[in-house]
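Undergrad: Each chain, written out:
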Amino acid sequence: MRGIYTEKMLEKLLFQSLIGLSFSMYLWLLAAGLTLVFGVLGVLNFAHGSLFMLGAYATFTLYGKLGLNFWLSIALSLISVGIIGAILERLFIRRIYDIDLAYQLILTFGFILIFDDLVKMIWGGVAMIPPMPSFFEGNLSVLGRPFPIYNLFIILAGIAVAIILWLILEKTWWGRMIRASASDREMASAIGINIPILFTTVFVFAAMLAALGGALGTPVRVVAPGIGTAMIIQAFVITVIGGLGNLKGAFVGALIVGILTSFGILLFPVFELFIIFVVMAIILMVKPEGLFGK
Amino acid sequence: MMKLKIFLLAALILFLLFLPAFAGKYLLYMTIHILILSVFALGFNLLLGYTGLLSFGQAGFFAMGAYASAKILLVVPSLLLGTIAGMVAGGISALVLGYLCVRHTRIYFSMLTLSFGMMIYSLAWKWREVTGGDDGLVGIPRAPFDIPGILSINMNPMGNYYYFVLVISLIAIFILYRIVNSPFGLTLKGIRDSENRVAFAGISIRNYRLLSFTIAGLYAGLAGSFLPPLENTVTPPLAHWTHSAEPVMVTLLGGIHTFSGPIVGSVLFYLIKDIIVRYTQYWLIWFGSIVVFLVLVFRGGIVIFFTERIWPLLKKQQRR
Amino acid sequence: MAKKITRRKFLKGAVMGGVALGTGLGGYRVTYGQAKKSAGPIKIGGQGAISGAHADYGWQMMAGATLAAEQINLKGGILGRKLEMKFMDEELKPATAVKNARYFVTDWGADFLFGIDSSGSAMAIGPVLPELNRLFFFTHAATHRLTEELVAGKGIKQIFRMVAPVYQDALAAWVFKDNPEIKRWAGINCDYEYGYVAWNLFKENIKKFRPDVEFVAAAWAPFWTMDFSSHISAVMAEKPDAIFSTPWAGEGVMLLRQALMLGVFDKIQAWWQGMGGSVDLLEGISREVAGDKFKGKLWATARYIHNYPSTPDNKAFVEAFRKRWGKFPNYSAEGSYSAIYAIKAGAEKAKSIETAKVGAALEGMELKTPAGPRLIRKEDHQAVYTVPAGRVMMSPDYPLPILGDLKVIPANDYFRNPPFTPVAATK
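Residue numbers (our numbering), protein chains in the order written: chain R, 1 to 294; chain C, 1 to 320; chain L, 1 to 427.
Simulated from the structure, these hints should not be mistaken for laboratory data.
Check each hint, because a few of them may be wrong.
Capping the alpha-carbon separation at 27 Å, the derived lysine-lysine pairs in BS3-like fashion look like this [as the list claims (entries may be wrong)]:
hint	chain 1	residue 1	chain 2	residue 2
1	L	Lys183	R	Lys12
2	L	Lys323	R	Lys65
3	L	Lys293	R	Lys65
4	L	Lys323	L	Lys351
5	L	Lys297	L	Lys239
6	L	Lys86	L	Lys323
7	L	Lys208	L	Lys239
8	R	Lys12	L	Lys297
9	L	Lys86	C	Lys25
10	R	Lys12	L	Lys203
11	L	Lys86	C	Lys273
12	L	Lys239	R	Lys8
13	L	Lys183	R	Lys8
14	L	Lys82	L	Lys351
15	L	Lys293	L	Lys177
16	L	Lys86	L	Lys349
17	L	Lys267	R	Lys8
18	C	Lys25	L	Lys157
19	L	Lys183	L	Lys154
20	L	Lys207	L	Lys183
21	L	Lys349	L	Lys154
22	L	Lys177	L	Lys351
23	L	Lys351	R	Lys65
24	C	Lys71	L	Lys154
25	R	Lys12	L	Lys239
26	L	Lys267	R	Lys12
27	C	Lys25	L	Lys154
28	C	Lys71	L	Lys157
A few chain C positions that, by computed beta-carbon distances, are all more than 12 Å from chain R [as the list claims (entries may be wrong)]:
hint	residue
29	Ile6
30	Ala10
31	Ile13
32	Gly24
33	Pro144
34	Asp146
35	Val167
36	Ile179
37	Gly185
38	Leu211
39	Leu271
40	Gly288
For glycine and all other residues, C-beta sits at the position ideal for the given N, C-alpha and C.
Modelling step: build the complete structure from the supplied sequences, incorporating the hints.
TA: The following block contains the structure:
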């Protein structure tokens, strides 16, 4: 009797973790840019979630409203959010590199408010959701239960981004510059790296990662004012768990938070929020530099 | 110079004392809110401005104070008891959690305080037998100010409650002023500016930080305890991180290295928001723009930050 | 040197504070003078969520109330006085809601108040109303405690609720009591008071009709849940026959879309979406309904639906609303529209706009509203009116899905009645 119970439970947990995995990937795309910007620019960007939201709105407009091709819409969204990121970095973020953390948080918090209201002005307050692209409709059978093809796609996309990011950082000239300036900005500057341009490109790249998360979410998650802010604290938790500025850590942190949330909903539905913060507090107390920090 | 300072201070206090004579109910109500935020932010600034620690979970202690005071007032109708309970709750929880937080600094400290604040938030939300869940505790009376056998003042008129909050806030502000100018306060600044030097002087930095954290918690609890009698309600959003952002914002706007900075910031904060929301439903965009503008262009706080923190560092390097 | 800086800084701070206080005071005093007046327009202060993911609900309130005020003003106002309206953001935050209410009454000079989306905000405002001495017409907040505890229990007579409370969600018990094939129920509910009470009221009631039903699983979603897959898969693991769910607005849309992706509608007999009859939610799933993705298994209700009752009154309201705003009204629009007309009816019966008189006049009154006759129950100031449940479907008469196959159950059957016994509100 007990054996059957545990076997069934194991199956449930396995399925639940697969579901949690797809949730983790949105978190990962958001946290990746957050931690990259912190690691290289030294800025903790509260408004990073707003870039996620802008990516979602752009994709919704291009794909859902104007009926463009799904992939083309995502590509154009990334470009437009990238441009917004460049403007943001050049005009504002640039001025707060060397300012105390508190000022960075408050300035970028101001941008959260601005972006939330801007999208309400342009798109209205109704939560919207475009149709699913037809090639993603339907589901597979996993452990005898239906599992959406789209969730599988999200998981693969998240992993692909992780691999591409690793390749960029390890194998390209740009990646080497990023790593050099993350470990020692003055030294990097001394060996002739153009720091201002490097920072702008990193910020734009991070903005595009966030926009990608938002864009990929549009067919399943609604677009509404504030969807980015709703996730930004979770993204903070992830970057801290993984180690600030550490991409590998952000990936693992996203997996932990996503799957833990998913388990929490199944097993102890009362305190799932509480548990996430307990985990973060414990990691901070035991290993403040995070799981993968130096 | 000193004379002018005292004169201005006296004028301000006189103004506040006579406010009920000519102000309407709403202005009194808003002034109470400004006083609450000022006390809250002043305590917070003992941490940020004087100790160099950015707490992002102060709302948790504010909420502890508010809930404790509410719980007491629902049982015993004594305003003073509620206030004391709030202070104690804020102070004790800060002492306990502070013990775990103060061994870290910089962003690690901020994140740790954020997580404790959010734990208090989720407790307020989920421990419904005690906190009333998201509907909160309702029907909290504005109990009389009562010292048995000596006096009992009815607090129902807004003017009376205003005086209660004003007097206690002024006392609290005065005490804090003395604290930051005491040897203790100077040591805190020393720790902020140069941790190693103070450590060499044989001082337990951690204990100083913990004491500073506890005082900040006491002030947050006190500020929180003013709220339930005013609003008759306490609800979980009081503990949310967005509420923790308020003292951060007003302190930065006012300037972190001046004693009066948080007070000035609180006045500005309520004034800006209260005026904008009357005229537009798109108040977030205006408020956000003003915040960005103040941080970037009006560098009142930031100038001070440079003169007191970066400047001495530079000078020290030159000397070397 | 250091001392000099401190002094200069202090001075700067003090002057800034003085200037700030001065400007503020000027602003307040100008408006304060208007607070006590007897002639001039009747001022009505409304508030709802007009920022964030639920912003449409506050907008609908504003739209409904504005329409009513314009109609009334066109016909000469109330007791010969025009109506003036102002609407503010409650941010779903109790503290903001209370501040707004105080501002409206003690500074702007409001004679009546209405609105509020969040239950927490409603519970916070309620106890302040005796001090403010104004009637407040709640037009969305659904917690039963507002009318049961604060009005019937504590006797706060300034509270009126124009829309159906959480009782409406439990209507599912009456809708599905005659389906013997549905035995195993699971819940996906909001992780706050509203969700707990709706789920418990439903359980309590269906158990009375059907002692054989089981409640096999429950998942809880806090505000701002963007991904319901975990919740859905957690309850589907228990193989339920039907699902009872309460997430509303955009969250309801997401929940249903994600349930489709997880193939839920192939496995269950019925899905009850408490506030699924709200126009914004129906709009969000219109493509799926048109494609019959829900296989006719999706049932819902709301606090008002625009296609019921088919009376001239209701048709005229929907027409006027569409003409004015280019949209269909949802329940918070109809509730706010009716609230303004309730103010008119009450004031005209009392021949005064004094709080106590209008309040007394409204007690026990039956109002003619778009949603049909609304009885303002004397004991708890709850408007009692019938809203049917129905199957979500397309209709040739409307561009968006509607509730069809309506099941009309009299409000008296499914509303709780005074004297009230506490509802179990545990998870």
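Undergrad: Measure nothing beyond the straight line between the CA atoms of C:Lys71 and L:Lys157; if it is 27 Å or shorter, mark the hint as holding.
TA: Holds - the C-alpha atoms of L:Lys157 and C:Lys71 are around 25 Å apart, at most 27 Å.
Undergrad: Given the hinted pair L:Lys239 and R:Lys8, is their alpha-carbon gap at most 27 Å?
TA: holds, 13 Å
Undergrad: Quick check for students: does the CB of C:Ile13 sit more than 12 Å from each CB in chain R?
TA: Nearest chain R Cβ is 30 Å from C:Ile13, so the label holds.
Undergrad: Would the pair L:Lys82 and L:Lys351 pass a check requiring their Cα atoms to be no farther apart than 27 Å?
TA: holds, 15 Å
Undergrad: When you check the alpha-carbon spacing of L:Lys323 and R:Lys65, does it fall within 27 Å?
TA: Judged against 27 Å, a Cα distance of about 24 Å means the pair holds.
Undergrad: Over 12 Å from every CB of chain R: does C:Gly185 meet that, or does the non-interface label fail?
TA: holds, 20 Å
Undergrad: Just checking, C:Ile6 versus chain R, shortest CB gap more than 12 Å?
TA: The assertion about C:Ile6 holds, with a minimum of 31 Å to chain R.
Undergrad: For the pair we were handed, L:Lys86 and L:Lys349, check the Cα-Cα distance against 27 Å.
TA: Between L:Lys86 and L:Lys349 the Cα gap is close to 25 Å, so the pair holds against 27 Å.
Undergrad: CA of L:Lys297 to CA of L:Lys239, is that 27 Å or under?
TA: holds, 16 Å
Undergrad: When you check the alpha-carbon spacing of L:Lys267 and R:Lys12, does it fall within 27 Å?
TA: Measuring from Cα to Cα gives roughly 17 Å; hence the hint holds.
Undergrad: So if I understand the rule, the pair passes when the alpha-carbon distance is 27 Å or less; does L:Lys86 with C:Lys25 pass?
TA: holds, 20 Å
Undergrad: For the pair we were handed, L:Lys183 and R:Lys8, check the Cα-Cα distance against 27 Å.
TA: holds, 22 Å
Of the numbered hints given earlier, the model fails hints 4, 19, 22, 23 and 40; all others are met.
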